[in-house]
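*Asks:* Working from the sequences, and respecting the hints, build out all of it.
For what it's worth, our numbering labels the leading residue of the sequence shown as 48, then goes sequentially.
In short, the hints are calculated from the structure, not lab data. In this text, all values refer to a predicted model and were calculated from it rather than measured experimentally. Misleading hints may appear alongside valid ones.
Derived Cβ-Cβ restraints for the label pairs, each shown as a range [claimed, not checked]:
#, residue 1, residue 2, range
1, V230, K269, 21 to 27 angstroms
2, I238, L197, 49 to 55 angstroms
3, L201, N130, 28 to 34 angstroms
4, S103, L176, 42 to 48 angstroms
5, L176, L245, 52 to 58 angstroms
6, S90, S156, 26 to 32 angstroms
We treat Cβ as the ideally placed atom computed from N, Cα and C, and that holds for glycine.
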Amino acid sequence: MLKTIKQQLLSVTGVSQVVVMGGEPKQFQVLADPYKMKYYNVSLSELLIATEETNSNASGGMINQRGQEYIVRATGRSSNVKNIGNSVVKINNDKPVKISDIADVKMDSPTKIGDAYLNEKPAVILTVLKQPNTNTLELTSDIDKTLNDLKISLPKGVNINSKLFNQADFIETSIKNVQRVLVEGGIFVAIVLFLFLLNFRTTVISLTAIPVSLLLSIITLKIMGLTINTMSLGGMAIAIGVLVDDAIIDVENVLKRLKENHLKPE
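*Replies:* Structure below.
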(Lines of atoms letter the chains of each structure in order from A and count residues from 1; the text may use other names and numbers.)
(Lines give C-alpha, C1' and ligand atoms only; values in the text may rest on other atoms or scores of the structure.)
Protein backbone atom coordinates (compact mmCIF):
# COMPACT_ATOMS: atom_id res chain seq x y z
CA MET A 1 0.00 0.00 0.00
CA LEU A 2 2.87 2.36 0.83
CA LYS A 3 4.41 1.78 -2.59
CA THR A 4 1.09 2.63 -4.28
CA ILE A 5 0.73 5.90 -2.35
CA LYS A 6 4.33 6.87 -3.14
CA GLN A 7 3.87 6.18 -6.85
CA GLN A 8 0.64 8.19 -6.93
CA LEU A 9 2.37 11.16 -5.30
CA LEU A 10 5.31 10.96 -7.71
CA SER A 11 2.85 11.07 -10.62
CA VAL A 12 1.61 14.51 -9.53
CA THR A 13 3.04 17.28 -11.72
CA GLY A 14 5.60 19.31 -9.78
CA VAL A 15 6.64 16.57 -7.32
CA SER A 16 10.38 15.92 -7.38
CA GLN A 17 10.85 13.28 -4.70
CA VAL A 18 8.95 11.45 -1.95
CA VAL A 19 11.00 10.52 1.13
CA VAL A 20 9.61 7.74 3.34
CA MET A 21 10.29 7.58 7.08
CA GLY A 22 8.97 4.83 9.33
CA GLY A 23 7.02 1.70 8.54
CA GLU A 24 8.26 -1.86 8.13
CA PRO A 25 8.67 -2.69 4.43
CA LYS A 26 9.24 -6.36 3.68
CA GLN A 27 12.16 -7.73 1.70
CA PHE A 28 13.72 -11.07 0.80
CA GLN A 29 16.81 -11.71 2.92
CA VAL A 30 19.50 -14.25 2.06
CA LEU A 31 21.69 -14.84 5.14
CA ALA A 32 24.76 -16.77 4.06
CA ASP A 33 26.29 -19.43 6.31
CA PRO A 34 30.10 -19.28 5.91
CA TYR A 35 30.60 -22.84 7.19
CA LYS A 36 28.12 -24.30 4.69
CA MET A 37 29.61 -22.20 1.90
CA LYS A 38 33.05 -23.60 2.71
CA TYR A 39 31.67 -27.14 2.84
CA TYR A 40 30.04 -26.84 -0.61
CA ASN A 41 32.97 -24.79 -1.97
CA VAL A 42 30.78 -21.82 -2.90
CA SER A 43 32.14 -18.27 -2.95
CA LEU A 44 30.20 -15.19 -1.94
CA SER A 45 30.29 -13.81 -5.49
CA GLU A 46 28.69 -17.02 -6.80
CA LEU A 47 25.92 -16.69 -4.23
CA LEU A 48 25.35 -13.04 -5.18
CA ILE A 49 25.14 -13.86 -8.89
CA ALA A 50 22.69 -16.70 -8.27
CA THR A 51 20.51 -14.50 -6.07
CA GLU A 52 20.42 -11.70 -8.64
CA GLU A 53 19.58 -14.06 -11.49
CA THR A 54 16.70 -15.65 -9.61
CA ASN A 55 15.11 -12.31 -8.80
CA SER A 56 15.29 -10.17 -11.93
CA ASN A 57 13.38 -9.34 -15.09
CA ALA A 58 15.00 -9.03 -18.51
CA SER A 59 14.02 -7.55 -21.86
CA GLY A 60 13.95 -9.83 -24.88
CA GLY A 61 13.57 -7.14 -27.52
CA MET A 62 10.83 -6.86 -30.14
CA ILE A 63 9.24 -9.31 -32.61
CA ASN A 64 7.67 -8.04 -35.85
CA GLN A 65 5.16 -10.43 -37.34
CA ARG A 66 2.50 -9.75 -39.98
CA GLY A 67 2.60 -6.03 -39.39
CA GLN A 68 2.29 -6.42 -35.63
CA GLU A 69 4.98 -5.56 -33.12
CA TYR A 70 5.28 -7.67 -29.96
CA ILE A 71 7.35 -6.93 -26.86
CA VAL A 72 9.32 -9.89 -25.50
CA ARG A 73 10.12 -9.82 -21.81
CA ALA A 74 11.44 -12.50 -19.47
CA THR A 75 9.79 -12.30 -16.06
CA GLY A 76 12.03 -13.93 -13.49
CA ARG A 77 11.31 -11.95 -10.35
CA SER A 78 10.63 -14.28 -7.44
CA SER A 79 7.39 -13.96 -5.53
CA ASN A 80 8.14 -16.18 -2.53
CA VAL A 81 10.96 -17.48 -0.36
CA LYS A 82 10.72 -21.04 -1.69
CA ASN A 83 11.56 -20.03 -5.27
CA ILE A 84 14.69 -18.21 -4.16
CA GLY A 85 15.80 -21.08 -1.93
CA ASN A 86 15.41 -23.64 -4.74
CA SER A 87 17.60 -21.66 -7.14
CA VAL A 88 20.81 -23.46 -8.08
CA VAL A 89 24.12 -21.76 -7.31
CA LYS A 90 26.47 -24.31 -8.92
CA ILE A 91 26.95 -28.03 -9.62
CA ASN A 92 29.30 -29.98 -7.35
CA ASN A 93 30.04 -33.61 -8.23
CA ASP A 94 26.98 -33.72 -10.48
CA LYS A 95 24.81 -32.51 -7.61
CA PRO A 96 23.10 -29.09 -7.60
CA VAL A 97 23.89 -26.76 -4.73
CA LYS A 98 20.84 -24.64 -3.97
CA ILE A 99 20.74 -21.30 -2.19
CA SER A 100 18.84 -22.92 0.68
CA ASP A 101 21.75 -25.35 1.17
CA ILE A 102 24.20 -22.57 2.05
CA ALA A 103 22.00 -19.74 3.30
CA ASP A 104 18.89 -18.99 5.32
CA VAL A 105 16.27 -17.40 3.04
CA LYS A 106 13.41 -15.49 4.67
CA MET A 107 11.03 -12.57 4.36
CA ASP A 108 11.76 -9.87 6.93
CA SER A 109 12.00 -6.12 7.50
CA PRO A 110 15.30 -4.28 6.87
CA THR A 111 17.25 -2.59 9.64
CA LYS A 112 15.51 0.64 10.60
CA ILE A 113 17.37 3.88 9.90
CA GLY A 114 14.57 6.09 11.20
CA ASP A 115 11.13 5.70 12.75
CA ALA A 116 7.95 7.76 12.95
CA TYR A 117 5.10 8.13 15.43
CA LEU A 118 1.89 10.17 15.41
CA ASN A 119 -0.08 10.67 18.62
CA GLU A 120 2.11 8.00 20.28
CA LYS A 121 1.20 5.45 17.60
CA PRO A 122 3.47 4.00 14.87
CA ALA A 123 3.11 5.87 11.60
CA VAL A 124 4.69 6.35 8.20
CA ILE A 125 5.70 9.90 7.23
CA LEU A 126 5.99 10.83 3.56
CA THR A 127 7.89 14.04 2.85
CA VAL A 128 7.07 15.50 -0.57
CA LEU A 129 9.79 17.60 -2.21
CA LYS A 130 8.72 19.91 -5.03
CA GLN A 131 10.49 20.72 -8.27
CA PRO A 132 12.11 24.17 -8.71
CA ASN A 133 9.79 27.03 -9.72
CA THR A 134 6.69 25.03 -8.77
CA ASN A 135 3.80 26.92 -7.18
CA THR A 136 3.44 25.56 -3.65
CA LEU A 137 -0.27 26.36 -3.31
CA GLU A 138 -1.20 24.71 -6.61
CA LEU A 139 0.97 21.67 -5.89
CA THR A 140 -0.55 21.26 -2.43
CA SER A 141 -4.05 21.39 -3.92
CA ASP A 142 -3.15 18.70 -6.48
CA ILE A 143 -1.63 16.48 -3.78
CA ASP A 144 -4.74 16.83 -1.59
CA LYS A 145 -6.93 15.76 -4.52
CA THR A 146 -4.72 12.71 -5.13
CA LEU A 147 -4.80 11.73 -1.45
CA ASN A 148 -8.58 12.14 -1.29
CA ASP A 149 -8.92 9.74 -4.21
CA LEU A 150 -6.62 7.26 -2.45
CA LYS A 151 -8.61 7.38 0.80
CA ILE A 152 -11.49 5.59 -0.93
CA SER A 153 -9.39 2.47 -1.54
CA LEU A 154 -7.54 2.40 1.79
CA PRO A 155 -7.91 -0.74 3.92
CA LYS A 156 -9.65 -0.50 7.26
CA GLY A 157 -7.55 1.10 9.99
CA VAL A 158 -5.30 3.04 7.60
CA ASN A 159 -5.70 6.82 7.70
CA ILE A 160 -3.99 9.64 5.80
CA ASN A 161 -3.27 12.94 7.55
CA SER A 162 -2.16 15.54 5.01
CA LYS A 163 -2.25 18.46 7.49
CA LEU A 164 0.60 17.32 9.73
CA PHE A 165 3.09 19.76 8.16
CA ASN A 166 1.87 21.76 5.21
CA GLN A 167 3.98 24.59 3.80
CA ALA A 168 0.91 25.98 2.03
CA ASP A 169 -0.58 26.78 5.45
CA PHE A 170 2.35 29.10 6.22
CA ILE A 171 1.96 30.86 2.86
CA GLU A 172 -1.81 31.28 3.31
CA THR A 173 -1.22 32.63 6.83
CA SER A 174 1.33 35.09 5.44
CA ILE A 175 -1.15 36.25 2.79
CA LYS A 176 -3.80 36.79 5.47
CA ASN A 177 -1.26 38.73 7.56
CA VAL A 178 -0.46 41.00 4.61
CA GLN A 179 -4.17 41.58 4.01
CA ARG A 180 -4.72 42.33 7.69
CA VAL A 181 -1.74 44.70 7.83
CA LEU A 182 -2.98 46.44 4.68
CA VAL A 183 -6.43 47.02 6.14
CA GLU A 184 -5.13 48.06 9.56
CA GLY A 185 -2.53 50.36 8.01
CA GLY A 186 -5.13 52.01 5.79
CA ILE A 187 -7.51 52.57 8.70
CA PHE A 188 -4.69 53.93 10.88
CA VAL A 189 -3.51 56.36 8.20
CA ALA A 190 -7.05 57.55 7.49
CA ILE A 191 -7.84 58.20 11.15
CA VAL A 192 -4.55 59.97 11.96
CA LEU A 193 -4.50 62.19 8.88
CA PHE A 194 -8.15 63.12 8.97
CA LEU A 195 -8.16 63.91 12.70
CA PHE A 196 -4.96 65.97 12.72
CA LEU A 197 -5.02 67.53 9.24
CA LEU A 198 -8.77 67.66 8.61
CA ASN A 199 -8.13 67.31 4.88
CA PHE A 200 -9.90 64.63 2.87
CA ARG A 201 -7.62 64.91 -0.18
CA THR A 202 -4.40 64.26 1.74
CA THR A 203 -6.01 61.25 3.39
CA VAL A 204 -6.90 59.74 0.00
CA ILE A 205 -3.36 60.33 -1.31
CA SER A 206 -1.81 58.46 1.61
CA LEU A 207 -4.26 55.58 1.33
CA THR A 208 -3.56 55.25 -2.40
CA ALA A 209 0.18 54.89 -1.80
CA ILE A 210 -0.23 51.56 0.02
CA PRO A 211 -2.00 49.44 -2.65
CA VAL A 212 -0.01 51.10 -5.46
CA SER A 213 3.29 50.18 -3.78
CA LEU A 214 2.17 46.57 -3.28
CA LEU A 215 0.97 46.34 -6.88
CA LEU A 216 4.32 47.59 -8.19
CA SER A 217 6.14 45.05 -5.99
CA ILE A 218 4.06 42.16 -7.34
CA ILE A 219 4.56 43.33 -10.95
CA THR A 220 8.32 43.56 -10.38
CA LEU A 221 8.42 40.01 -9.00
CA LYS A 222 6.41 38.80 -11.99
CA ILE A 223 8.76 40.47 -14.50
CA MET A 224 11.81 38.97 -12.78
CA GLY A 225 10.23 35.51 -12.89
CA LEU A 226 9.99 35.23 -9.11
CA THR A 227 7.07 33.83 -7.15
CA ILE A 228 5.53 35.09 -3.94
CA ASN A 229 6.68 33.01 -0.97
CA THR A 230 6.70 33.25 2.81
CA MET A 231 9.80 35.48 2.90
CA SER A 232 8.53 37.95 0.30
CA LEU A 233 5.13 38.20 2.00
CA GLY A 234 6.81 38.82 5.34
CA GLY A 235 8.90 41.56 3.74
CA MET A 236 5.78 43.16 2.28
CA ALA A 237 4.11 43.17 5.70
CA ILE A 238 7.12 44.98 7.21
CA ALA A 239 7.31 47.39 4.26
CA ILE A 240 3.66 48.37 4.71
CA GLY A 241 4.40 49.50 8.27
CA VAL A 242 7.33 51.65 7.07
CA LEU A 243 5.23 52.98 4.19
CA VAL A 244 2.44 54.03 6.55
CA ASP A 245 4.88 55.99 8.74
CA ASP A 246 6.48 57.70 5.74
CA ALA A 247 3.11 58.53 4.19
CA ILE A 248 1.89 60.25 7.35
CA ILE A 249 5.09 62.26 7.84
CA ASP A 250 5.53 63.27 4.18
CA VAL A 251 1.92 64.30 3.62
CA GLU A 252 1.87 66.24 6.87
CA ASN A 253 5.07 68.13 5.94
CA VAL A 254 3.79 68.92 2.44
CA LEU A 255 0.51 70.23 3.79
CA LYS A 256 2.32 72.28 6.42
CA ARG A 257 4.60 73.91 3.83
CA LEU A 258 1.69 74.63 1.54
CA LYS A 259 -0.07 76.43 4.33
CA GLU A 260 3.04 78.44 5.12
CA ASN A 261 3.38 79.38 1.43
CA HIS A 262 6.86 77.85 1.28
CA LEU A 263 5.67 75.76 -1.63
CA LYS A 264 2.84 77.27 -3.67
CA PRO A 265 0.78 74.99 -5.90
CA GLU A 266 0.68 75.86 -9.58
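*Asks:* Could you tell me whether the CB distance from S103 to L176 stays inside 42 to 48 angstroms?
*Replies:* With Cβ atoms ~29 angstroms apart, the hint is violated.
*Asks:* For the pair I238 and L197, does the Cβ-Cβ distance stay inside 49 to 55 angstroms?
*Replies:* 52 angstroms, holds
*Asks:* For the hint 28 to 34 angstroms, verify it against the beta carbon of L201 and that of N130.
*Replies:* Given a distance of about 30 angstroms, which is inside 28 to 34 angstroms, the answer is holds.
*Asks:* Okay, S90 versus S156 on CB: inside 26 to 32 angstroms?
*Replies:* 28 angstroms, holds
*Asks:* For the hint 21 to 27 angstroms, verify it against the beta carbon of V230 and that of K269.
*Replies:* At 24 angstroms between Cβs, range holds.
*Asks:* Quick one: are L176 and L245 within 52 to 58 angstroms, going by C-beta?
*Replies:* Distance hint for L176, L245 holds at roughly 57 angstroms.
Checked against the numbered hints given earlier, this structure breaks only hint 4.
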